[in-house]
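**Q** Just need the whole structure built from these sequences, with the hints factored in.
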Amino acid sequence: MLWLAVLMFLFPTGVWSEIKLQQPQSSEVKRPGDTVKISCVTSGYTMTDNGMNWIRQKPGKGLEWIGWINTYTVVATYGSSFQSRFSFTQDVSSSTQFLQITSLTAEDSAVYFCARQHSD
Numbered sequence: 120m121l122w123l124a125v126l127m128f129l130f131p132t133g134v135w136s137e138i139k140l141q142q143p144q145s146s147e148v149k150r151p152g153d154t155v156k157i158s159c160v161t162s163g164y165t166m167t168d169n170g171m172n173w174i175r176q177k178p179g180k181g182l183e184w185i186g187w188i189n190t191y192t193v194v195a196t197y198g199s200s201f202q203s204r205f206s207f208t209q210d211v212s213s214s215t216q217f218l219q220i221t222s223l224t225a226e227d228s229a230v231y232f233c234a235r236q237h238s239d
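What the sequence shown shows, in my numbering, is residues 120 to 239, in sequence order.
No lab work stands behind these hints, which were simulated from the structure alone. Computed from a predicted model, the values in this text were never measured in an experiment. Be aware that one or more of the hints could be misleading.
[Claimed, not checked] Result set (EDC-like, lysine to aspartate or glutamate): computed pairs, CA atoms no more than 20 angstroms apart in a straight line: (1) Lys177 / Glu226; (2) Lys156 / Glu226; (3) Lys177 / Asp153; (4) Lys180 / Asp210; (5) Lys156 / Asp210; (6) Lys149 / Asp210; (7) Lys156 / Glu183; (8) Lys177 / Glu147.
**A** Here it is in structure tokens:
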């Protein structure tokens with residue numbers, strides 16, 4: 120079985136203390152071939168003003184950049200290993216970003232993070 124964990128990811132206190140990226144603190148068990156949709160709810164800023172990066176960390180490994188979505192144009196860029204089964208979507212009305220992974224394999228077992236891309 121696959122173990123996909125979704126962690127809460129909050130910015131530290133300080134200048135950005137009112138900005139939050141919140142992921143449900145849970146894990147999901149999926150079978151090979153299944154699809155999973157991971158959410159990231161934003162608050163404290165206008166979601167379409169900043170891009171959103173998605174990152175994962177496999178057990179015992181370093182961070183891997185999956186890609187990012189320009190939340191204004193809704194154009195996504197994916198890392199070379201993530202171009203076929205990974206997709207980013209968003210729901211502006213609920214300030215939520217989504218990462219969907221199709222045709223899951225054991226290699227997809229990881230902790231997945233969303234990370235706001237700051238721009239001036």
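**Q** All the hints need checking, so say for each whether the structure fits it.
**A** How the hints compare with the structure:
no., hint, in the structure
1, Lys177 / Glu226, "8 angstroms, holds"
2, Lys156 / Glu226, "16 angstroms, holds"
3, Lys177 / Asp153, "19 angstroms, holds"
4, Lys180 / Asp210, "31 angstroms, violated"
5, Lys156 / Asp210, "13 angstroms, holds"
6, Lys149 / Asp210, "24 angstroms, violated"
7, Lys156 / Glu183, "18 angstroms, holds"
8, Lys177 / Glu147, "15 angstroms, holds"
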